[in-house]
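Line by line, the protein sequences are chains A and B. Under the UniProt record's numbering, the first residue of the first sequence is numbered 1, with each subsequent residue one higher. Under the UniProt record's numbering, the first residue of the second sequence is numbered 1, with each subsequent residue one higher.
FYI, nobody ran anything at the bench for these hints, they're computed from the structure. Just so you know, even glycine gets a beta-carbon here, dropped at the ideal spot from N, CA and C. One or more of the hints may lead you astray.
[Said to hold, decoys possible] Now the in silico label distances, taken between C-beta atoms and shown as ranges:
id	chain 1	residue 1	chain 2	residue 2	range
1	A	T201	B	Q226	20 to 28 Å
2	B	P206	A	D227	22 to 30 Å
3	A	D39	B	Q210	24 to 32 Å
4	A	D25	B	Q265	28 to 36 Å
5	A	D227	B	Q210	33 to 41 Å
6	A	L79	B	G274	38 to 46 Å
7	A	P99	B	V165	43 to 51 Å
8	A	I189	B	A55	53 to 61 Å
9	B	Q226	A	A272	48 to 56 Å
10	A	A217	B	N78	47 to 55 Å
11	B	Q210	A	A217	25 to 33 Å
12	B	P99	A	T71	48 to 56 Å
13	B	S294	A	S161	40 to 48 Å
14	A	T71	B	K301	39 to 47 Å
Number of protein chains: 2
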Amino acid sequence: MTATATARAHTNIALVKYWGKADTDLIIPQTGSLSLTLDQFYTDTTVTFDEGLTADDVIVNGERLSAQRATKVHNFLNLVRQQSSRASFARVTSVNHVPTAAGLASSASAFAALAGAASQAAGLTLDRTALSRLARRGSGSATRSIFGGFVEWHAGHDDLSSYGVPLVEKVEWPIAVVALVLDPHHKKISSRQGMQSSVNTSPFYPAWQQIVADDLAAIKPAILAQDFTTVGETLESNAMRMHALTLSAWPPYSYFNGDTLAAMQTVKELRAAGVECYYTLDAGPNLKIFCQNSDIAAITKRFSQQFGGDNVIVAHPGPGIQFLDEA
Amino acid sequence: MTATATARAHTNIALVKYWGKADTDLIIPQTGSLSLTLDQFYTDTTVTFDEGLTADDVIVNGERLSAQRATKVHNFLNLVRQQSSRASFARVTSVNHVPTAAGLASSASAFAALAGAASQAAGLTLDRTALSRLARRGSGSATRSIFGGFVEWHAGHDDLSSYGVPLVEKVEWPIAVVALVLDPHHKKISSRQGMQSSVNTSPFYPAWQQIVADDLAAIKPAILAQDFTTVGETLESNAMRMHALTLSAWPPYSYFNGDTLAAMQTVKELRAAGVECYYTLDAGPNLKIFCQNSDIAAITKRFSQQFGGDNVIVAHPGPGIQFLDEA
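My request is simple: use the sequences and hints to build the entire structure.
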């Protein structure tokens, strides 16, 4: 046990979406959700508690954050300090191997890695359930990034009961996710703002809660049975119903752009041509395509023609949190 | 009373949408709806019952339709013949002054004009309620095009109880609709197919019925009070919630294209700049913008820059059905 620790966590793509908080402070979600952790996108974070510091010092991708931009990290470190005998400020050095442009949630891997590194550096001995609960306080989707493979987030009803649970950690199913980079800009409406707008103003929101319950009941046995069609149809349907919650909010908004719509059409054309694949997307325009390994070549070829090869990234199931430096 | 008659009917834009049938044969809708009849877009139709004909002869915009393409008109004429002593075939000559490209429902004006001309040529004496019921059998939105100005379609529960009712026929409110032509192609999924897919597969559909009830309750007094903001917010919200029913159907689909999303963004920017206007759209990508006459110039200028002046059409409240030839 030392005052320093390094952890690596991978991001995840939700197949059944988390869209709405029941408790915005504790980040207790309105519904459960289910994701696949991805191997290509991860964050490495080192935390060192140092009594010589007069404030938390946060460096992300080589850039020192202002106190204001570091607020979320500072608040998160306070949660760790509350549980620990270590009360000093910390130096946090984090490198995101998540292309911001990919529209994948770097906050999932970032807060999962921070939870791991900070708790270990603080001398806490947390099991993975406790780590998942801690990561949840930083970012909802980080709850799932503690684990590898297919992961369910049990919504729960309070801090103790809301955490991730692995469904299939070691995925021996030849499936992949092809991520399309359709817009490298930051999203205009954060997922945090967007989901609460849906909760508060969409008259469809109550039905969403039943949709998630039904989709979880359908997708979990389908994953265990490696039933690709059921998993694919469920994730595409779930994603579009989540996005229906953005159109039906007031004021209405959408994360789609013209390329998003064009890429959805291409997925339909690929399916019609016998290349079975399904899309999902989150709080941004970038489509992610769920497919079988045997179809990766056909899919990447088609989308490289449409959007350029640099904008097509292939990922596979990834591992749970790893501690890189337990010196 | 002669064997020939000519009628003119204008199309309408739904402010509270008709999206789903309870009875697909009689075209009884799941919910009420409310529209504004528009002056710029209309259909002129002449019907002549002629004992010398051996089949119905249908000429639209100078082109004679094949028997297959004339099926809907033929079936509609059969409804008229069932109510009349005139059993012969008819010649139908129809000219649509609705740019197909505008994405406005030419079937609304077409079947309203056909209902008027055919019933009069057949010697029937139908009041406007009966005409509205008859037009409904051809196309749901035609139910409303019998009347001018703001028109409500009472959903009803059978053929007798489902018809249009004028709310404000003679509109003395300086408002306009700016129609954008964003895609001149025919829609891939007809409104008829799309709405039934929503009824049958969207888990949000039950909530849509309450949305329409609430929106009708909000928009009718607002129209009578000329409360532009309430009318505008209600129609934009209602349209986006209708389109949420397309995303949430299975398989999911959308009528949006990239220009649709860009035009929606422009409306938001205009509003932020103090030009208050609101959008709506139907089963196609073309946005229609509800505005006050004092803002027409600013709005058409902005959209002409974005999409070209030829693709921006200004309409005002239009009249109900007119009989042009009662010789």
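Evaluated hints:
{"no.": "1", "hint": "A:T201 <-> B:Q226: 20 to 28 Å", "verdict": "holds, 26 Å"}
{"no.": "2", "hint": "B:P206 <-> A:D227: 22 to 30 Å", "verdict": "holds, 29 Å"}
{"no.": "3", "hint": "A:D39 <-> B:Q210: 24 to 32 Å", "verdict": "violated, 45 Å"}
{"no.": "4", "hint": "A:D25 <-> B:Q265: 28 to 36 Å", "verdict": "holds, 33 Å"}
{"no.": "5", "hint": "A:D227 <-> B:Q210: 33 to 41 Å", "verdict": "holds, 35 Å"}
{"no.": "6", "hint": "A:L79 <-> B:G274: 38 to 46 Å", "verdict": "holds, 45 Å"}
{"no.": "7", "hint": "A:P99 <-> B:V165: 43 to 51 Å", "verdict": "violated, 57 Å"}
{"no.": "8", "hint": "A:I189 <-> B:A55: 53 to 61 Å", "verdict": "holds, 57 Å"}
{"no.": "9", "hint": "B:Q226 <-> A:A272: 48 to 56 Å", "verdict": "holds, 50 Å"}
{"no.": "10", "hint": "A:A217 <-> B:N78: 47 to 55 Å", "verdict": "holds, 49 Å"}
{"no.": "11", "hint": "B:Q210 <-> A:A217: 25 to 33 Å", "verdict": "holds, 26 Å"}
{"no.": "12", "hint": "B:P99 <-> A:T71: 48 to 56 Å", "verdict": "holds, 54 Å"}
{"no.": "13", "hint": "B:S294 <-> A:S161: 40 to 48 Å", "verdict": "violated, 57 Å"}
{"no.": "14", "hint": "A:T71 <-> B:K301: 39 to 47 Å", "verdict": "holds, 43 Å"}
Against the hints set out earlier in the document, violations occur for numbers 3, 7 and 13.
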